[in-house]
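Chemist: Based on the sequences and whatever the hints tell you, model everything.
Residue 1462 in my numbering sits at position 226 of the sequence shown; the count goes up by one each step and never skips.
Any given hint might turn out to be false.
Said to hold, decoys possible - Under the rule of at most 27 Å between Cα atoms (straight-line distance), these lysine-lysine pairs were calculated in the DSS-like manner:
1. K1334 - K1272
2. K1399 - K1459
3. K1395 - K1464
4. K1337 - K1280
5. K1280 - K1265
6. K1542 - K1566
7. K1459 - K1446
8. K1542 - K1464
9. K1395 - K1542
10. K1338 - K1265
11. K1272 - K1391
12. K1533 - K1583
13. K1265 - K1391
14. K1265 - K1334
15. K1583 - K1566
16. K1583 - K1395
17. K1436 - K1392
18. K1566 - K1533
19. K1542 - K1583
20. K1436 - K1446
21. K1399 - K1436
22. K1392 - K1583
23. K1272 - K1392
24. K1334 - K1280
25. K1399 - K1334
26. K1533 - K1399
27. K1334 - K1392
Because the hints were derived from the structure by calculation, they are not lab data.
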Amino acid sequence: MFVESVKRCWEISLDSVLMSEVCRSLSVKELPHIRKFLAGAGIKIDSDVNSILGSLRRVGQDLKKTAYGALLNVLFYYVDGSDSHYREAVIELDNYLKATKKTCLIIVDTVEDYQLHSPARRSVVSGLLKCAGEYGDSRRQIRLCLPGENFFEIKKCSKNPLKDFSRNLLLQWTPREIFRIIAWRYKIYCFLYDRHSYAKLEYLDHNSMKGSVEIIDQFMPIKINNRKGIEERTIRYIFRHSQLMPRQIIVMLNSIFGRTAGSAHEWKSVDQTHVVDSISSGERTLVDEIFSAFEFKYPQAKAYCKAAITQLPQVFGFGELHRVYNRHCKAIDLDAGLPLEIQQFRKMLIEIGAVGRVRHSTNDMINAEFEYAQPGRLYVGTDDHLCLHPIFSGIYGRNAELRASTFIVVPQQHWFDEDNARSLKVIPELEDEDGVADGQ
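Modeler: Take a look at the structure:
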């Protein structure tokens, strides 16, 4: 199946969605070519995306069968000269957007399982990548969302990565940006349910690092003693038990507050026990989520982590990792996947974020780099020191040497300290029901 053909099929589908959306707010006399095309395809103006794709599929099923399936039948019908309605409709759409100075943006969300083991699915993804790299113009745009866990595997489906990924944008969260989201969410909560507390926070700028930290310190202890009895900043303790994704932090905070909750919208003061117990109980869920995200590529990851991490110290070198692999991983029983050679084993641990590279260390803290926070691969050399991520050592690292260690691993600690030039802001004001900003 030619990737160009699949790309054109994606274009027709996306254009049909845009045309239907544009016509929703216009009179029946406007955009006649678009309306003629939609009517011929059986697409109603108020159709949702699934209905539109279903209509296109039915058109394909009514046509002469080909080896490519219903949607590609639609492609051949609309672009081989049999029908000019589609091309006329696209020209009319572009002219309308230019005349009205409007821009259409389609966001294609990610899916749980791309099933890349299937040649047909790989062809579909290949065509989608090509479409995303070439689709539309300044008025007609697409944003294709790809999961970081499978990004490199999906990229392998591309027939021309230089073109298909020429406009790709990597989205990674920094601690400072997540601080702002946490502070903003807490301000919203207080605005809705605790105006007395909100009065103390109202003029703190949740878009600044200083202001967001001050807000967070209002509802959590500034410092706690972790499970090793070492004192550290509470917010850093929470963050280092994540892979820097907002949903992970929010789930942990909800768990912490859930342990303090009384009646609706009431809670007691958050203390050290609430924080440590919530993080400890949530590690298993987070690690299982990571295994699930990498299941396509590494279905055997859980078995290898269980066998290896229980034997590793907090910090180790290539030699120690190789020794553990030879003694404990070569003969393990796998429920899924094939056995991994040492190079694949090491690569798997780094990719899932179980193992990182030591960037800098002191007597009580290790600043480590992990692949999930890198713009590309994390490459390590034979002389590099490696370390376990806190959530993986928390679940599997129960050996005596690890329990006795007196230092902590802080993923991307330098991100907490370095100035970040990115300007991410969230909603600056909260408004009462009458639309007036509170306090104005």
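Chemist: So, for every hint listed, does it hold in this structure?
Modeler: Going down the list of hints, with the structure as the test:
| no. | hint | in the structure |
| --- | --- | --- |
| 1 | K1334 - K1272 | holds, 21 Å |
| 2 | K1399 - K1459 | violated, 49 Å |
| 3 | K1395 - K1464 | violated, 50 Å |
| 4 | K1337 - K1280 | holds, 25 Å |
| 5 | K1280 - K1265 | holds, 15 Å |
| 6 | K1542 - K1566 | holds, 13 Å |
| 7 | K1459 - K1446 | holds, 17 Å |
| 8 | K1542 - K1464 | holds, 22 Å |
| 9 | K1395 - K1542 | violated, 37 Å |
| 10 | K1338 - K1265 | holds, 20 Å |
| 11 | K1272 - K1391 | violated, 38 Å |
| 12 | K1533 - K1583 | holds, 12 Å |
| 13 | K1265 - K1391 | violated, 44 Å |
| 14 | K1265 - K1334 | holds, 19 Å |
| 15 | K1583 - K1566 | holds, 16 Å |
| 16 | K1583 - K1395 | holds, 25 Å |
| 17 | K1436 - K1392 | violated, 52 Å |
| 18 | K1566 - K1533 | holds, 19 Å |
| 19 | K1542 - K1583 | holds, 16 Å |
| 20 | K1436 - K1446 | holds, 15 Å |
| 21 | K1399 - K1436 | violated, 52 Å |
| 22 | K1392 - K1583 | holds, 17 Å |
| 23 | K1272 - K1392 | violated, 39 Å |
| 24 | K1334 - K1280 | holds, 24 Å |
| 25 | K1399 - K1334 | holds, 26 Å |
| 26 | K1533 - K1399 | holds, 25 Å |
| 27 | K1334 - K1392 | violated, 36 Å |
The structure shown violates the earlier hints numbered 2, 3, 9, 11, 13, 17, 21, 23, 27.
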